[in-house]
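In case you want the letters, here they are:
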Amino acid sequence: MAGLATGGARGAVPSAVPVAAPVRGGHLRVAGAVGSTAETLDPARLSMATDYVRGHMFYDGLTALDDALVVHPALAETIESDDLTTWHIRLRRDVRFHDGAPLGAADVVFSLARHKIPSVGAQQYMLARTMDTIRATGPRDVEIVLTAPNVDFPAILAMSNFAIIRDGTGRFETANGTGPFTCAEFVPGIRTLGRRNAAFWGDGPFVDSIELIAIPDEMARHNALMSGDVDLIASVNPRLVRMVQAGGFGLMESPVGTYTDLAIRLDTPLARAPGLVEAIKCLLDREQIRRSVFLGYSRLGNDQPIAPESPYCNHDLPPAVHDPDRARFLLRRGGFLGERIPLVCSPAALGSVDIAVLLQYAARRIGQDLAVRRVPADGYWTQYWMKAPFGFGNVNPRPAPSLIFEMGFASASPWNESRWRDPRFDAMLAEARATRDDARRRQLYGDMQAMIKGGSGVCIPNFTTSLDGYAPHVRGLRPSQAGQLMGYDFARFVWLDGGGA
Amino acid sequence: MRRALVPLVGRRFATAALSLVFVVVAVFAITSLLPGDATDSVLGQSATPQSVQALRHSLHLDRPAPLRFVLWLGGLLHGDFGRSLLNGLPVADMLRPRLHNSLLLAGASALLAVPVSLLLGITAAVWRDTLYDRGVTVLTLGLVSVPEFVIATLAVFVFATRLHLLPALSDIGGVHTLWQFLRAFFMPVASLALVTLAQMVRMTRAAMVDTLSAPYVEMARLKGVGPVRLVVVHALPNAVGPVVNAVALSLSSLLGGVVVIEAVFAYPGVAGLMVDAVTARDVPTVQACALVFCLAYLVLTTLADIVTIATLPGRRAP
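Protein sequences appear in the order of chains F and H. Note that full-length UniProt numbering has the first sequence beginning at 1, numbered continuously upward. Note that full-length UniProt numbering has the second sequence beginning at 1, numbered continuously upward.
Derived from the structure by calculation, the hints contain no laboratory data. Check each hint, because a few of them may be wrong.
The following residues of chain H were derived to be distant from chain F, with all beta-carbon distances above 12 Å [stated by the list, open to error]: (1) Val52; (2) Val70; (3) Thr123; (4) Asp133; (5) Arg134; (6) Gly135; (7) Phe149; (8) Thr161; (9) His164; (10) Leu169; (11) Leu182; (12) Arg221; (13) Val225; (14) Ala266; (15) Pro268; (16) Thr311.
Between beta-carbon pairs, the in silico distance windows are [said to hold, decoys possible]: (17) H:Ala29 - F:Pro139: 54 to 62 Å; (18) F:Ala101 - H:Leu67: 20 to 28 Å; (19) H:Leu71 - F:Pro414: 51 to 59 Å; (20) F:Gly228 - H:Leu154: 14 to 22 Å; (21) H:Leu8 - F:Arg239: 12 to 20 Å; (22) H:Thr177 - F:Ala101: 52 to 60 Å.
Only part of the chain H face toward chain F is listed, based on derived beta-carbon distances under 10 Å [what the hints assert, rightly or not]: (23) Ala38; (24) Asp40; (25) Arg68; (26) Leu77; (27) His78; (28) Asp80; (29) Leu86; (30) Leu89; (31) Thr137; (32) Val156; (33) Val260; (34) Ala263; (35) Ala277; (36) Val278; (37) Thr279.
C-beta: ideal position from N, C-alpha, C; glycine also.
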């Protein structure tokens, strides 16, 4: 497929030049790692990695995140609030949907309000319920009143589930959004074809078309990249990194906030005796997990959920150390030593099977018996996750610390994995949300991380580093903290050397 | 004698229809026994009791299972497979392109595997106990013991990743010419043909060896019938029954039993659709796929039975 290079002479810039202007044109073929007939174009229901890519290709949010998780306005021209409870959104002028209709306040009201309708099956139902009233106050103005002040509300709106669709959309056989690509073809579980939206309101996109498929089979996905059938793949297996690099292919390492955690339910007899949680934390050899489970592609965790790259990460907390002697002391004091403790792991939680085995081995050396129970990925999140007293979870990054705290650690959250309840923590979370003062908020977030590390039953040994592989002619990719493939938003930035000609 | 064929075939069709009903009920019952339902896969980790309840209600999953089955069956009688619980698309629309793909793959594999295996089987039987026969036996036994994913993955590694001769994916969307078709289909078809080949060769050889050692064949040989005429006219018609059955069994596995090949070549077929649907508890899609597989199996085995009945020596009397 011949591309159109509007960059003129710059289209021939040799690849050694570090900063090259993007060239327009070409067809990009991308293979994601997960895909099935459950794929959807309904923003409210996006739940798989390839879904998020589609979300960013065809739709826009009112706000967007950059690669350091800083919030910028997108479809919103301004988003302001005096009291952090009532938010005023003014929409960008001259934005059109793919069907030509202009973007208006009614579209925004419809898009956000539908998350609260139970039958929509929205992923962010709980967050949507914090939007008490959503109403249009003018053709380009929307007013949203929250149930409580929340300084991170603009970050919530950047989640691709809250993308804006046309007022009244009820079917999602195709996508009618404002995004950088129009939907030329969408067959769930087979392929998605996007064409460059010439009327896109923002910068880019550069490639003429993007074809997105999913190849869940790991070896087949790598082979597709190596043989030149696709140009970009998500989720490179760390074990295959050397093969990919030896073939001359690029590897993008993204420091995402995803983590696999080990949760001990504090409401079970198991954890009633003091010291068990701390003993397990002492038994986890984080450096060994980093080296042998993630083959070096992870960052050490400190039993609190804020990734080390975040400006809000509390680096003053003493780092967790591997201390089998202390673990043995604690277990003996708690009367556990020698008792058989079941531990549930599954391929559903990335790396958890390997971490469980390492933990079992470390425990055996101090005379503690851990019974590792490996259960299938199928049905794990409903049948085992948060039900087993001692089991693994896998948490995806969220755009702001308050959202991470809210989901996993607030007393009222249905996803409080260790059933940790601390009213002081809840009060600090509410205060942090209601304060504009960034220094004060940083202080609160720092203290909250200390409380999680000290009190909750969640162990976070590592943050996983996401790996994507790309062909040498693919340009414009940058690692992002927001997720793999530039926070799933590579489509508008990526370009092909020589226009893919 | 010929008239007796009609009730026989009729009875065969009746039992086929009965098995179809049984399979549909069994598949529904088994999928109902699986833990969780479609709401779990739609909502995933973000599920809350309220949202699960609401979604279950809107998908009618809160109705009793027998009622859901009767409603589904009612729709089926009107030719309506229902809608997917996951994406709301009509199941028929999801199934049709994939069924087309699967039939294409199965057809191409059969076209390659059947003649080759018949030829190998018959010749091996004719030249029994020679070096050629031993070679064929070792080859087929070897092939039947190597799993298909090994053959397919090795083929991809050699022809696509190393030599760059063929595409690693069978991208059906990009096929417009015969040459592209051959390139895209060579590896999956060859892998499938190799796996199905073995069984058919073994069965054909066994049936032919049996017939060739029958007294009437010896009689024919003594009367001076040439080797080709002996095999084709005298022996083959009596070996058709078991051979056709072996072929039918092998071919029926080409539709539903190719999950691995579909996964390795990222080929969108029905087998993968069913695996997806089972994982996501998308019962209407599971049902439709099961129905298709069962139907293909029944059609093939019924056809094989009819051929066997029709070629029974007694019936071929002039």
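Hints and how they fare:
1. With a least CB separation of 9 Å from chain F, Val52 of chain H falls inside the 12 Å interface cut-off, contrary to its annotation.
2. No Cβ of chain F approaches the Cβ of Val70 of chain H within 12 Å, the least distance being about 23 Å, so the stated non-interface status holds.
3. No beta-carbon of chain F is positioned within 12 Å of the beta-carbon of Thr123 of chain H; the least distance is around 36 Å.
4. The claim that Asp133 of chain H is not at the interface with chain F holds, since no C-beta of that chain comes within 12 Å of its own (minimum 37 Å).
5. Distance check for Arg134 of chain H against chain F: the nearest CB is about 35 Å away, which clears 12 Å, and the non-interface claim stands.
6. Distance check on Gly135 of chain H: its Cβ is at least 32 Å (rounded) from any Cβ of chain F, clearing the 12 Å threshold; non-interface status holds.
7. For Phe149 of chain H, the condition that its CB be more than 12 Å from all CB atoms of chain F is violated, with the nearest at approximately 9 Å.
8. Remark: the non-interface label on Thr161 of chain H conflicts with the geometry, its nearest Cβ contact in chain F lying 5 Å away (cut-off 12 Å).
9. The beta carbon of His164 of chain H sits about 6 Å from the closest Cβ of chain F, which is not more than 12 Å, so the claim that it is off the interface is violated.
10. Against chain F, the non-interface label of Leu169 of chain H is violated: not every CB pair exceeds 12 Å, the least being about 5 Å.
11. Look at Leu182 of chain H: its CB is around 16 Å from the nearest CB on chain F, clear of 12 Å, so calling it non-interface holds up.
12. Distance to chain F confirms Arg221 of chain H as a non-interface residue, since its nearest Cβ pair spans about 53 Å, more than 12 Å.
13. The Cβ of Val225 of chain H sits about 53 Å from the closest Cβ of chain F, beyond the 12 Å cut-off, so the non-interface label holds.
14. Here Ala266 of chain H does not stay apart from chain F, with its beta-carbon only about 5 Å from theirs, under the 12 Å limit.
15. In this structure Pro268 of chain H is not separated from chain F by more than 12 Å, as the shortest Cβ-Cβ distance comes to only about 4 Å.
16. The beta carbon of Thr311 of chain H is kept farther than 12 Å from every beta carbon of chain F, the shortest such distance being approximately 42 Å.
17. Here the CB-CB span from Ala29 of chain H to Pro139 of chain F is close to 56 Å, well matched to the stated 54 to 62 Å.
18. Against the hinted window of 20 to 28 Å, the Cβ-Cβ separation of Ala101 of chain F and Leu67 of chain H comes to about 42 Å, which falls outside the hint.
19. For Leu71 of chain H and Pro414 of chain F, the hinted distance range of 51 to 59 Å is not satisfied, since their beta carbons lie about 32 Å from each other.
20. Here the CB-CB span from Gly228 of chain F to Leu154 of chain H is close to 19 Å, well matched to the stated 14 to 22 Å.
21. The given range of 12 to 20 Å is broken by Leu8 of chain H and Arg239 of chain F, whose C-beta atoms sit roughly 59 Å from each other.
22. Here the CB-CB span from Thr177 of chain H to Ala101 of chain F is close to 40 Å, at odds with the stated 52 to 60 Å.
23. For Ala38 of chain H, the shortest C-beta to C-beta distance to chain F is roughly 9 Å, which falls under 10 Å, so the interface hint holds.
24. The beta carbon of Asp40 of chain H is positioned within 10 Å of a beta carbon in chain F (closest approach about 4 Å), and the interface hint is therefore held.
25. Residue-level restraint check for Arg68 of chain H is violated (minimum Cβ-Cβ distance to chain F is 17 Å; threshold 10 Å).
26. At its closest, the beta carbon of Leu77 of chain H sits 24 Å from a beta carbon of chain F; the interface hint therefore is violated under the 10 Å criterion.
27. Hint status for His78 of chain H: violated, given a least beta-carbon distance of 22 Å to chain F, over 10 Å.
28. For Asp80 of chain H, the interface hint is violated, since its Cβ never comes within 10 Å of a Cβ in chain F; the closest pair sits about 18 Å apart.
29. At about 4 Å, the closest approach between the beta carbon of Leu86 of chain H and any beta carbon in chain F falls short of 10 Å, and the interface hint on this residue holds.
30. The beta carbon of Leu89 of chain H is positioned within 10 Å of a beta carbon in chain F (closest approach about 7 Å), and the interface hint is therefore held.
31. Nearest Cβ of chain F to the Cβ of Thr137 of chain H: about 32 Å, over the 10 Å cut. The hint is violated.
32. Interface hint status for Val156 of chain H: upheld, as the beta-carbon distance to the closest one in chain F is roughly 5 Å, under 10 Å.
33. For the restraint placing Val260 of chain H at the interface with chain F, the shortest Cβ-Cβ distance is roughly 9 Å, inside the 10 Å limit, so the hint holds.
34. Interface hint at Ala263 of chain H: satisfied, since its Cβ lies 4 Å from the closest Cβ of chain F, which is below the 10 Å cut-off.
35. Among the interface hints, the one on Ala277 of chain H holds; its C-beta lies about 7 Å from the nearest C-beta in chain F, closer than the 10 Å criterion.
36. Checking Val278 of chain H against chain F: minimum C-beta separation of about 8 Å stays under 10 Å; hint holds.
37. Residue-level restraint check for Thr279 of chain H holds (minimum Cβ-Cβ distance to chain F is 6 Å; threshold 10 Å).
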